[in-house]
Amino acid sequence: MSRLLPLPVVVPLLGAALTLLLAARPRIQRLVSVLCLGGTLTVALLLLVQAYRHGPVVLAVGGWPAPVGIVLVADQLAALMLVVSSAVTLCVLLYSIGQGRSETGETTPVVIFHPTYLVLSAGVSNAFLAGDLFNLFVGFEILLAASFVLITLGGTETRIRTGSTYVVVSILSSMLFLAGVGLVYAATGTLNLAQLAQRLDDLPGGVRLTLELMLLLAFAIKAAVFPLSAWLPDSYPTAPAPVTAVFAGLLTKVGVYAIIRTETLLFPGGQADALLMVVAGLTMVVGILGAVAQSDMKRLFSFTLVSHIGYMIFGVALSTVAGLSGAIFYVVHHITIQTTLFLVAGLVEERAGSTDLRRLGGLARVAPLLGVLFFVPAMNLAGVPPFSGFLGKLGLLQAGVEAGGPLPWVLVGAGTLTSLLTLYVASRVWNIAFWRSPRLATAEPAVRLPSLMVGATMGLVAFGLALTVLAGPLFDVTADAAADLRSRTPYVRAVLPGGAP
Amino acid sequence: MTASGAEPVLVLVLAVGVLVGCGVILLLERSLTRILLGVILIGNGVNLLILLGGRSGGAPVVGTGPVDRMSDPLPQAMVLTAIVITFGLTAFLLAVAYRSWYLTGDDEVPDDLEDRQIIRRAERDEVGTADIGGEGPDDDPEQVDPEPARRRLRRGDEA
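Protein chains in written order, with the UniProt record's numbering: chain A, 1 to 501; chain B, 1 to 159.
Bound-form chain A, shown alone (with noise of 0.2 Å):
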């Protein structure tokens, strides 16, 4: 089984050469990325079966056993997090498919979108996958390099002006992370996660606080928690849609991984807990309180990206099994939910030709499909019950209860008043865009949209009712692995069979 390990990096990436080379034969070349996607998906779901059911699997690359050599683990969380990003990773991809020429028609070399966008995928693999610190930092590299490209395809003014913020940003974040994997080695003299485990402990606290604040630092800029999160609304909404719904629903998501990886394995003692409470319930109202503010769909969503982001870290911050369950929940729900709104919103686009609310109206009479599409994502990013939405922050706020403390219950009051937001701003985009009088001219003949982007979008909303519908037996996946990564020594031990030396 763990010959599988190295596929969903490698596959990936020799498909982006193969379609590199397939340039000159779309059809092929698409076939090729479908073809290596899937087979990632596949593979990534015999990982969390066999995750599950036997631990963690674990392959030391060209055979140097661990600590020398490089691992790949897939415990429960990574292979958890590998399935969701495969199967979002194929759906954005048929939707692309469906786009056929990206947004902008004639200006965008789409010869590059799949290759650039394979390596994306293996990018976040291998960040998934990687069992050191260093291979985590490659992990990120590939991923942002290729993500550096698609923010910035055709190169537009108004792509080069954001796509420059964006690109400067994460590079500085990158620096930071370097910095820290230079310090944690210097202090510790491994970089192997299972073995940093062990000797990050006998570091004097002072040391190993700030090295764990350092890292904290690097992945909040990548996770887009509260202070370091103005990038993001900037940054995001210029891409073309299957773009930014892959970067909303993932990018962010494997700074969320990093964070709970180091805050459980690495750094367990809870000593920056309280600092992670008050930026999490920072990120959850502040993010929540631009996306009232806004008057556009795509820059709507992306403030209530930043603003779900807090809930997750709120699950870590507690350092509880239930509060890490819920947060793992919560990082699936929301991977799903918030990929397929941005795919919606694409689809209004491509419609009405305008995510503008001032400008949309009565699409819910135009478009009665696209309607559905719309309002049954919205509604579960609302936490309206019974969707998984509801049933993560439920979740969430049963072990901030749980935990007790003034602290965890100012969170679990701002999460609500978060949830409650984020049904005001779903409304409002439903009562304008889709709920009053037509504004876009009637008259005109409707233009068809393509079933493939549909489909797909389809596709992800059924996959979003799904986590409702298998809510019982997901909740006890991420609770097996919430357990795992508190004790710590499944993980070690998967690494490290002999003990560390």
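It is worth saying that the hints were derived from the structure and are not from the lab. Idealized CB from N, CA, C, for every residue including glycine. There is no bait here: all hints are sound.
Short derived list, chain A residues pointing at chain B, Cβ under 7 Å:
#: 1; residue: F134
#: 2; residue: F148
#: 3; residue: E157
#: 4; residue: V168
With chain A held as given, fit chain B onto it using these hints.
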């Protein structure tokens, strides 16, 4: 790096500080070229920092000397990777700066569109425009002339 001991040399530590410090100051500029120079300086500073994390000594090849006098090879391997990555990112940033100059005639990063709108509004001391979703006559579709939305017809679709 000197072959004397395990402690990092003060000069190198100072060099890291100076490189990163200068880089940060350059990053605060608006022109992309200066930001690029800042990124290069910070990148070099951080790479040097990684190198300082390992023990210094002789060449780490088995058989060339006593093992305890060898330098730590791992930071050197990491720094090579990091240099390549920094190089790639710098090249991309350079391309963005060039494209920006090509399109707009300079490489300054202007403010966000919404920020500019807010600043303009603050200068004119305006309150926010009417809530687009709110009730009231302002928003009643029967009383307000809808602005026709811009439509794009897709090529190849039955329009």
